[in-house]
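Construct all of the structure, not just a fragment, from the sequences and the given hints.
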Amino acid sequence: MASDENVSVIKDKLTELVRQAAETRCRAHTRQEEFTLSSVEEEYQVGQVLGNWMSLILVTGEALKITLKFHFSHKDIKQLIYPIYGEESAAGISDQQSMDFVKELSNLTAGFLEQTFESMDLSLGISLPLGTRGYYELFSDYSPASSPIIKYSDLWRLQYGDVSILGSVMFEVSNSGALNELVAYDIESADEDDGEFDFL
Amino acid sequence: MSNISQDVQASHKVLTLLESANTNSERIIDNLPGVFLILNAKFDILRGNIESSKIFDIEYEDMLRTSFPDLFKKEVWQIFQTNFQRLEDDPPVKIVKFEISIADHSHEFSDRPFYWQLSKMEGSNLAEGAVYSLVGEDISELRNAENRLSSIFTNIPLGILTINEKGNIEDTYSNYLTCLLGQDEFNGKSFREVVFDPIEAELTRDEKQGVDNIYFSLNNEERLFDALMLTFPKSIFFCPGDEKDGKHLQISYKSVVYEGLVKQLLIILEDRTAIIEAEREQERANLLEKQSKAVYESAIRDPLTGLFTRLYMEDRVESLLHSHNRHNIQAASLVLFDVDFFKPVNDNYGHDVGDSVLKQIAEIILQQARNTDIPIRFGGEEFMVFLPGDSESAYFFAERVRKNVERLEVFAENQKITLTISGGVASHQVGETLTHLIKRADQLLYLAKKEGRNRNIKENVTS
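As given, the protein sequences belong to chains L and G, one line each in that order. Just so we're aligned, residue 2 is where the first sequence starts under my numbering, counting upward by one. Just so we're aligned, residue 41 is where the second sequence starts under my numbering, counting upward by one.
Calculated directly from the structure, the hints in this document are not laboratory data. Beta carbons are placed, not taken as given, at the ideal position from N, Cα and C, and that holds for glycine. One should not assume that every hint holds.
Unchecked claim - In silico negatives: residues of chain L with every beta carbon more than 10 Å from chain G:
{"id": "1", "residue": "4"}
{"id": "2", "residue": "8"}
{"id": "3", "residue": "16"}
{"id": "4", "residue": "18"}
{"id": "5", "residue": "21"}
{"id": "6", "residue": "33"}
{"id": "7", "residue": "98"}
{"id": "8", "residue": "112"}
{"id": "9", "residue": "147"}
{"id": "10", "residue": "158"}
Unchecked claim - Cut-off 30 Å, straight-line C-alpha distance, at most; resulting in silico cross-link-like pairs (DSSO-like, lysine-lysine):
{"id": "11", "chain 1": "G", "residue 1": "113", "chain 2": "L", "residue 2": "76"}
{"id": "12", "chain 1": "L", "residue 1": "66", "chain 2": "G", "residue 2": "53"}
{"id": "13", "chain 1": "L", "residue 1": "76", "chain 2": "G", "residue 2": "82"}
{"id": "14", "chain 1": "G", "residue 1": "53", "chain 2": "L", "residue 2": "152"}
Structure below.
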């Protein structure tokens, strides 16, 4: 069990790590370096239905479970990816292609996290990404807790021009002691391998 | 491959299947007809089907977090809001149903009615608050059908109403009821008061008992109703004022049963005044026709002999001769008979015997005549028979008559009266008038008389 001080740091580090993973994978996957991640300080809050569509992926192990969701609209994603698919306009992109693109983003982000934790000798598994409607958020539980497991969440926005993808993350730490190595972990350096993994 | 790896693969497979199943369910929701919306506590749209986006004229993906109240004019939204409030104010109420008309793209009331079902979803989301589902069904077709049906009902020349278990009029379905009963306010009034009280003095004792039985049948067992209904007044003359304005009403009763008891009666009043008057008119017309026929018969039939009269001759004989003139028939002939020595019979034995003689001779003529022949009592003891055929066949006919008359046995005052008859047979010549034909036949008859009677003469042929 980590000390209270360490728990606080671990929570921050986990949050930062997932944010960085999402931002860097998004830039790489969309080939848009201008994609930036920022906290959501507007009308939205975690637990709300944030997009018509949602890609959900789970990174999980004995000590930690991260539920990562990308909330988006096909309209935005199609606008973003049609050049990548060699189409002349967003109309050339199908809903399925749009969904597959975001699922792949989820996969890349989760894979990056898995690799990062692996380097800290923390073995985690990742699920297949699940694409579904955003309104299933109505049935999710983001209520925070500190005991017996630590539960908290994070909400951010990936933005490029008018295209916006919201991300919500639920962290569930059941063994903070196993994450002690994270306290001293340099997240910036984790990004050095950016783009080298291919989880497909 | 390790067991763990196989487990992961199996889990991934299951997840893939679940995702596919979920996609299919979502597609079903997408394609639901009418309006289907999920709303949060702030009335933001969280989910909707494709048809909703078309009805509210929003891009499908833009529906998310669209404020539902913004889709309507204030007055329309207030009705929705009242119904949302009903769910909050009365927690046992799980579903609220109501009807509001909305218009495509105009955000206003219109004549496109929707039937709405609003319910609060179980559980709540901390971030969204209460969550509601709203289903709207376009019932404009239903309403149109109802309106058409209602239009038929209201304009049908029947009075249709229901009475409740207390015998009070609950609903009326026809404008014609006003015309039938001479008033326009029915709801809540007693059926007896409206229909039977104004004519109470005219009702028989049985009819009054029948009215009581209507009331007795209400809120009573159905099987009792069937027996009592036999006594209900089914035909009345509704005449609260001037008799000439009275109406013959036929009343039919149909029970509406709930849990074995008669809770309502559907009553149909049919104005049969016109029918009854038409029936009476028809009866009068039938009588007149019968009388006219009798008059006509008496005019064309000789009451003594049953033979046609000269009046009839005008039409039928002219028609026969006309057919001959047009060569529709090959020939037409006339036999003119006269009873020999008839006057002494009348003088010696009286008119009764004379009449009897004429009657029997007429019977012989009728027996010998064909359906196409026209036997006529020409007057007194003279008979004539027109035949479609030549003078030869007419002559044979005349001979048969003559011989039968000769064999006739008539008794008067214990004496046998011997009777004979003479005849002149003339064949019609094309273009010849009836008068001329009769004249020629008469001349031949005269000749027969002159040559000794009891004979027929046909243009130089004697017997």
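Now the hints, each set against the structure:
Residue placement check: residue 4 of chain L keeps its beta carbon more than 10 Å from all beta carbons of chain G (closest about 30 Å). The claim that residue 8 of chain L lies off the interface holds: its Cβ sits roughly 23 Å from the closest Cβ of chain G, which is beyond the 10 Å cut-off. In this structure residue 16 of chain L is separated from chain G by more than 10 Å, as the shortest Cβ-Cβ distance comes to about 19 Å. The beta carbon of residue 18 of chain L sits about 23 Å from the closest Cβ of chain G, which is more than 10 Å, so the claim that it is off the interface holds.
Residue 21 of chain L, annotated as away from the interface, keeps every beta carbon of chain G farther than 10 Å; the closest lies near 25 Å. Every Cβ of chain G is farther than 10 Å from the Cβ of residue 33 of chain L; the closest lies at roughly 21 Å, confirming the non-interface assignment. Every Cβ of chain G is farther than 10 Å from the Cβ of residue 98 of chain L; the closest lies at roughly 14 Å, confirming the non-interface assignment. Distance to chain G confirms residue 112 of chain L as a non-interface residue, since its nearest Cβ pair spans about 14 Å, more than 10 Å.
For residue 147 of chain L, the condition that its CB be more than 10 Å from all CB atoms of chain G holds, with the nearest at approximately 17 Å. The claim that residue 158 of chain L is not at the interface with chain G holds, since no C-beta of that chain comes within 10 Å of its own (minimum 15 Å). Distance check on the hinted pair: residue 113 of chain G and residue 76 of chain L sit about 29 Å apart at the alpha-carbon level, within 30 Å; holds. This hinted pair checks out: residue 66 of chain L and residue 53 of chain G have alpha carbons roughly 21 Å apart, not beyond 30 Å.
Among the hinted pairs, residue 76 of chain L with residue 82 of chain G is consistent with the structure: their alpha-carbon atoms are about 25 Å apart, no more than 30 Å. Of the pairs offered as hints, the one joining residue 53 of chain G and residue 152 of chain L holds, with about 29 Å between alpha carbons and a cut-off of 30 Å not exceeded.
This entry satisfies every hint, going by the numbered hints stated previously.
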